[in-house]
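Residue-level listing of the chains:
Protein chains: 2
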Amino acid sequence: MRKIANTPEPPYYAVIFTADRTDVSAGYEEMARAMVELVQEHPGFLGVERAEAGTGILVSYWDSLESIRSWQMNDRHQVARQRGVSEWYNACRTRICKVEREYGFHRD
Amino acid sequence: MRKIANTPEPPYYAVIFTADRTDVSAGYEEMARAMVELVQEHPGFLGVERAEAGTGILVSYWDSLESIRSWQMNDRHQVARQRGVSEWYNACRTRICKVEREYGFHRD
Chain A
1 MRKIANTPEP PYYAVIFTAD RTDVSAGYEE MARAMVELVQ EHPGFLGVER AEAGTGILVS
61 YWDSLESIRS WQMNDRHQVA RQRGVSEWYN ACRTRICKVE REYGFHRD
Chain B
1 MRKIANTPEP PYYAVIFTAD RTDVSAGYEE MARAMVELVQ EHPGFLGVER AEAGTGILVS
61 YWDSLESIRS WQMNDRHQVA RQRGVSEWYN ACRTRICKVE REYGFHRD
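As you go down the protein sequences, you meet chains A and B in turn. With the UniProt record's numbering, letter number 7 in the first sequence gets 7, and the count goes up by one each step, no holes. With the UniProt record's numbering, letter number 33 in the second sequence gets 33, and the count goes up by one each step, no holes.
One or more hints might be untrue.
[What the hints assert, rightly or not] Restricting the straight-line Cα-Cα distance to at most 27 Å, the calculated cross-link-like pairs of lysine-lysine (DSS-like) are: (1) A:3 <-> B:98; (2) A:3 <-> A:98; (3) A:98 <-> B:3; (4) B:98 <-> A:98; (5) B:3 <-> A:3; (6) B:3 <-> B:98.
[Claimed, not checked] Ranges between beta-carbon positions, derived for each pair: (7) A:8 <-> B:65: 20 to 28 Å; (8) B:106 <-> A:25: 34 to 42 Å; (9) A:76 <-> B:108: 25 to 33 Å; (10) A:24 <-> B:77: 33 to 41 Å; (11) A:22 <-> B:82: 34 to 42 Å; (12) B:79 <-> A:103: 14 to 22 Å; (13) A:40 <-> B:36: 26 to 34 Å; (14) B:54 <-> A:37: 14 to 22 Å; (15) A:101 <-> B:74: 17 to 25 Å; (16) B:43 <-> A:82: 37 to 45 Å; (17) A:24 <-> B:65: 35 to 43 Å; (18) A:76 <-> B:104: 36 to 44 Å.
Hints were generated in silico from the structure; no laboratory data involved. Here the structure is a predicted model, which is why all the values come from computation and not from measurement. The beta-carbon is built from N, C-alpha and C at its ideal position, and this holds for glycine as well.
Looking at chain A on its own, in the form it has when it is part of the complex:
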């Protein structure tokens, strides 16, 4: 997984998932890694970025709203979300966005 996703020219879509974590860590990192692997096989997936320190932020990038909906319906993804709500998250928020513009730099 690249630290910074290599996304195409906008417009495309982003799902910003922010979670306030509980102290429960059993199974969490394993599930998070499994989801990051699984999502990369999903049609329409463009990239993912993840950072975590008490607050966890995972941003995934998509070609369309249809691809996002289809990923939200994925069985294994739904199981992971359910465990998140019951064990790993005090609170979480998902925001569906259209990326309109992007820019950046990288060191040579």
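We have chain A already, so just place chain B on it with the hints.
Frame of chain A; chain B shown alone:
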């Protein structure tokens, strides 16, 4: 700073800033905290979420593209970005997005 921003009903705007950090830590955390404080005073600011672990993700939320542009032009913000490019980041990417939908949960 709340872990999960308390944003209004969409639509509104998000700026996703993702950075691949260098090993240089001098001055970084201090500047990051100063920027998180400063941004909260900026007109049109709605909220911010931050997580970091090698990769740093900072998402700020805004009422309009005009407010985002005005924050990007802020003198102290520009100084911080310049230090980021020269010292703290191997690479970084900024994505400007329109938030179209959001949902979530929090434990009672």
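Status of the hints after comparison with the structure:
1. In summary, the hint linking residue 3 of chain A to residue 98 of chain B is supported, as the alpha carbons are separated by about 23 Å, within the 27 Å threshold.
2. Taking the CA atoms of residue 3 of chain A and residue 98 of chain A, the gap is about 21 Å. The hint holds against a cut of 27 Å.
3. A C-alpha spacing of about 23 Å is found between residue 98 of chain A and residue 3 of chain B, which places the hinted pair at or below 27 Å, so the restraint holds.
4. The straight-line distance between the Cα atoms of residue 98 of chain B and residue 98 of chain A is roughly 5 Å, inside the 27 Å bound, and the hint therefore holds.
5. Under the criterion of a C-alpha separation no larger than 27 Å, the hint pairing residue 3 of chain B with residue 3 of chain A is consistent with the structure, at around 22 Å.
6. In summary, the hint linking residue 3 of chain B to residue 98 of chain B is supported, as the alpha carbons are separated by about 21 Å, within the 27 Å threshold.
7. Separated by about 21 Å at the C-beta atoms, residue 8 of chain A and residue 65 of chain B satisfy the suggested range of 20 to 28 Å.
8. The hinted window of 34 to 42 Å between residue 106 of chain B and residue 25 of chain A is violated, with their beta carbons roughly 20 Å apart.
9. For residue 76 of chain A paired with residue 108 of chain B, a C-beta distance near 28 Å keeps the hint of 25 to 33 Å intact.
10. Checked against the hint of 33 to 41 Å, the C-beta distance between residue 24 of chain A and residue 77 of chain B comes to roughly 37 Å, which is consistent with it.
11. As the Cβ distance of residue 22 of chain A to residue 82 of chain B is approximately 39 Å, the hint placing it in 34 to 42 Å holds.
12. Under the hint 14 to 22 Å, the C-beta atoms of residue 79 of chain B and residue 103 of chain A, about 18 Å apart, fit the expected range.
13. For residue 40 of chain A paired with residue 36 of chain B, a C-beta distance near 31 Å keeps the hint of 26 to 34 Å intact.
14. Against the hinted window of 14 to 22 Å, the Cβ-Cβ separation of residue 54 of chain B and residue 37 of chain A comes to about 19 Å, which satisfies the hint.
15. In this structure the supplied range 17 to 25 Å holds for residue 101 of chain A paired with residue 74 of chain B, their Cβ-Cβ distance being about 18 Å.
16. Look at residue 43 of chain B against residue 82 of chain A: about 40 Å separates their beta carbons, and that is inside 37 to 45 Å.
17. For residue 24 of chain A and residue 65 of chain B, the hinted distance range of 35 to 43 Å is satisfied, since their beta carbons lie about 40 Å from each other.
18. Taking the beta carbon of each, residue 76 of chain A and residue 104 of chain B are about 21 Å apart, not inside 36 to 44 Å as hinted.
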